[in-house]
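Chains as they are written, first to last, in the numbering used here: chain A, -15 to 261; chain B, 92 to 441; chain C, 3 to 397.
One or more hints might be untrue.
[What the hints assert, rightly or not] Pulled a few chain B residues facing chain C out of the computed Cβ check, cut under 7 Å:
#	residue
1	Val135
2	Gly141
3	Lys142
4	Thr144
5	Lys231
6	Glu232
7	Glu318
[Said to hold, decoys possible] If you anchor each label on the Cβ, the simulated ranges turn out as follows:
#	chain 1	residue 1	chain 2	residue 2	range
8	A	His153	C	Leu216	27 to 37 Å
9	C	Arg78	B	Leu435	45 to 55 Å
10	B	Ala294	C	Leu17	23 to 33 Å
11	C	Gly123	B	Asp371	30 to 40 Å
12	B	Leu435	C	Ala384	54 to 64 Å
13	B	Lys191	C	Arg78	30 to 40 Å
14	B	Asp371	C	Arg78	39 to 49 Å
15	C	Arg65	B	Asp371	50 to 60 Å
16	B	Lys219	C	Leu17	37 to 47 Å
17	C	Ala6	A	Gly24	47 to 57 Å
In short, the hints are calculated from the structure, not lab data.
All of these numbers come straight from a predicted model, not from anything done at the bench.
Glycine included, C-beta positions come from ideal geometry on N, C-alpha and C.
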Amino acid sequence: MADPTHSDPKLISREKRKTVGDITVDNPRMTCRNVNVYYGEKQAIRNVSLDIARNEVIAMIGPSGCGKSTFIRCLNRMNDTIESCRVEGEIIIDDVNIYGRDIDVVPLRAQVGMVFQKPNPFPKSIYENVAYGPKIHGLSQSRAELDEIVETSLKKAGLWEEVKDQLEHPGTGLSGGQQQRLCIARTIAVSPEVILMDEPCSALDPIATARIEDLIDELREQYSIVIVTHSMQQASRVSQRTAYFHLGDLIEVGKTTDIFTRPKHQLTEDYITGRFG
Amino acid sequence: MFKKTILLAAALGLIFALGAGNAQAARDYISIVGSSTVYPFATVVAEQFGKTTSYKTPKIESTGSGGGLKLFCAGVGVEHPDITNASRAIKSSEKEMCVKNGVKEIVEVKIGYDGIVMANSKKSAPLKLTRRDIFLALAKEVPDPKGGEKLVANPYKTWKDVNPSLPNVKIEVLGPPPTSGTRDAFAELAMEAGAKTFDWIKAMKKTDKKAYKAVCHTVREDGAYIEAGENDNLIVQKLEANPDAFGIFGFSFLDQNTDKIQGSYIEGVQPTFDGIAAGDYPVSRPLFFYVKKAHVDVIPGMKEYLKEFTSEKAWGPDGYLSEKGMIPMPDAERKQYHNAVENLTPLMMK
Amino acid sequence: MGLAAILASLAFLSLLFISIIGKGYTAFWQTYVRLDVHLSADQLDRTELETADYPGIVKKTLRSMFPEVKSRGDKRKLYALISSGAAFQIREMVLEDPDLVGKTVSVWVPADDDVDMLVKGHIERDVPEEARRLTDKQLAWVDALTGEGRVEKRFNRTLFTHGDSREPELAGIWGATVGSFLTLAITLLLSFPIGVASAVYLEEFAPKNRWTDLIEVNINNLAAVPSIVFGLLGLAVFLNFFGLPRSAPVVGGLVLTLMTLPTIIIASRAALLAVPPSIREAALGVGASKMQTVFHHVLPLALPGMLTGTIIGMARALGETAPLLMIGMVAFIVDIPGGFTDPSTALPVQIYLWADSPEKAFVERTSAATLVLLAFLIVMNALAVVLRRRFERRW
């Protein structure tokens, strides 16, 4: 039985904070080693190492403030927008450290796309929402080509049938679930390799959530997906691997089925059995 | 960043271009500044001039006599005014400033007189005052009523206190603020003249001129004198509302509002057009304008404007300026200044 | 308490409006007199139509209408009934159509301001003669003209088409309106782009350090500086240093730009801040650069708020007189300004000047001009409200 004082980080020994489980995979899409993140003086992520495989959905779970969102925001350098934020360690994609010198974040963010917690379509037409990324990255030579990108992206996001007759209508006029799928289509349109999803269903109703979860499963065919979720059910439904974060430490990584049935670490067990979180 | 830099550069460029462009271009209208008292008269002449000649209508700014002379004396050139109006004669310090800045020749033109009136609502009886009464009623410090040659803070509350022949009404006078030329003139012509009726104060002028000026010109600040701003129309409205109050302003405002207000008698003379013109009404002052001689042949229309201003149909006894309330000069004086303008006789600059 | 305060302020506001409208509405009408002018060929030499004695023609017409008036003084009083503008009006008419010479034409000319005041009831007939601006004889003449149907109140077009004048019946606000327009055009042209660019830079790009803090504090301070100070600054910098012309709309515009810039910058920054971070994230998330994020997404969304701030700043600039005083725009200017460097005044300045004029007829014109200014302000503020309603998004 766990001691409730375990939730206090000072009382967790150095030994107990070491990641349990295999952090590596064969032929990884992304490789993170010894990542530390600071907000000013405060350390938010402590020495996290983790591989992200190809064509997998990896879920990040953990109690609020555990650093899971901070971590995935390191993967496409979205943390750059926060002035006090500082990242150490290396995150490698295609043999390049994205925190290395002379790295242009613009192509990186096309390569590693992101879907946010609240659906945030641009206050423009559905078409413009999807076409914006390809336009600024110069992915299309002609209007026809652009039309095609928009259509495929919307099809992949499972939204095409619902919106094909109202492409000129504002994206903000759609329902919450449709908006989130529009955001996914927008991300897909710039042909990323990795898609980061930061609690993509937390603002949606159960039906819309199920729709997105099905979509995530389909998208796995083509992309690596890193999803942050506070719902353990969701994590177990959509992901192949799961990583459990606790107060800035990566506590345990492993196959989703293993994590939820046979957690190795006391903290993981406490969390999934609902002792805290 | 770029956008901002470009815009700033463009704005600065615009300023420089305009500045340079203007410095070369000649001005094609007359620029006049100066006294707010002369303003209503000068504008009439300017308008008449603009409508009856092919020249542009002169631009007239109401800056006050002192402000006008400061601008006028700042130098020679199109960026400086050509003429300044004044409700007093130019001071020697101002002449020095003019000379220092290269304005060596200026022509002084006296145009007429303006009476300063103390008026009240027609609902009450007119007051019959002497300048001594005015001094005693409005000065900050007055000779001790118990006698002796010493000054005390003004103890008078009602006009009857000042002079038993006056009505038992609280002293309440609305007048212009210290920045006004009207106030200066009133202090000099009414209050100082009243103060001089005390021989020992008159004697002070020789012994201690500063103290003398302070005694004569300092207006009481205990609420009996209310500074009413430069807007004389407002004073007229307040007088209508309060029949016990008196107002101090230029004659032209009395002239336009004779149905509502009346001027007080001063030394037995009521401020009327004829009374001021004849020189009987004591509180009146001359009005002037000064011309920069160096500009006369440079700015188009200067000579014609001067001619218009000094013509009989403008400043004569039946001229349009008298309709606006300006008191014309006697014939001989008009002739003298008319000649001064014809010959552009410059002022002696010491 | 709060309700009482609001009610009280509303009461005062309506009192202000009622008093201004009550005083001002009569100024939109002006008394005209119909004269049958004989343009005799003796007085009008076809070769010198420009310089002919038009006042003489008006006087002759009046004499022929009242042949019993003989003495010089009475004649002067008779002539005083008609505005001096009548002669200019006939002059223009003849110059436009020289064929009128030799004919008798019937024209409506403006009456003198005193007659106008009488017709409008501002001059009382039952006070003693010497307390009136019009004598008993003049009253009788006006009555005779009225009896013949020659006196009529008509819409005062002069008020909206002419520049300033010392004759109330000839004075108009068009010159001041054009001056205000030119001044505000410069102000808008400079302050909007500079203000928006500064706000975008400070809010989106500038690093947060002591310098930007200092700039921020200064901008907030500038917004609270009394406007006369900007006038002094304009006098020192634009007139004395750059040598720009006095009384010109370009200088007025520059000074008012300085005055409105802080307002616009503050409003624009608030508008930028109001754009939700999720939009920036969305744009950054698909790989837009900082520049692209700001110019493609943030700026268009903030623009309505910026425009609202700008319009309110402009409305404040429109009502300003104090800074214009220092740069010589408080002046008597008759000619309608034709460009940015011509001397001109502005609407509030015109109100200020008229308020200080002795003629009684200027009182109602002051109120009328105030009404026009208020109308402009209401239109501008309504535009700001409409913009806000129309484009403001709730997130």
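Tell me if the beta carbons of arginine 78/C and leucine 435/B are separated by a distance inside 45 to 55 Å. Since arginine 78/C and leucine 435/B have Cβ atoms about 33 Å apart, the given range 45 to 55 Å is violated.
Against the range 37 to 47 Å, how does the distance between the Cβ atoms of lysine 219/B and leucine 17/C compare: consistent or not? holds (40 Å)
Does the closest beta carbon of chain C sit nearer than 7 Å to the beta carbon of glutamate 318/B? violated (16 Å)
Cβ distance range 30 to 40 Å for lysine 191/B and arginine 78/C, holds or violated: violated (48 Å)
Could you tell me whether the CB distance from histidine 153/A to leucine 216/C stays inside 27 to 37 Å? At 47 Å between Cβs, range violated.
Given a hint of 30 to 40 Å, does the C-beta separation of glycine 123/C and aspartate 371/B actually sit inside it? holds (36 Å)
Does 47 to 57 Å hold as the CB distance between alanine 6/C and glycine 24/A, or does it fail? At 49 Å between Cβs, range holds.
Is 39 to 49 Å right for how far apart the beta carbons of aspartate 371/B and arginine 78/C are? With a Cβ separation near 24 Å, aspartate 371/B and arginine 78/C fall outside 39 to 49 Å, so the hint is violated.
Outcome of range test on Cβ distance (leucine 435/B, alanine 384/C; 54 to 64 Å): holds (57 Å)
Answer holds if the nearest beta-carbon of chain C is closer than 7 Å to that of glutamate 232/B; otherwise answer violated. Check failed: Cβ of glutamate 232/B comes no nearer than 33 Å to chain C, outside 7 Å.
Are glycine 141/B and chain C close enough, Cβ to Cβ, to be under 7 Å, as the hint says? The hint holds - glycine 141/B has a Cβ within 7 Å of chain C, the shortest such distance being about 5 Å.
Taking the CB of alanine 294/B and the CB of leucine 17/C, does the distance hold inside 23 to 33 Å? violated (56 Å)
In this structure, the hints that do not hold are numbers 4, 5, 6, 7, 8, 9, 10, 13, 14 and 15, in rising order.
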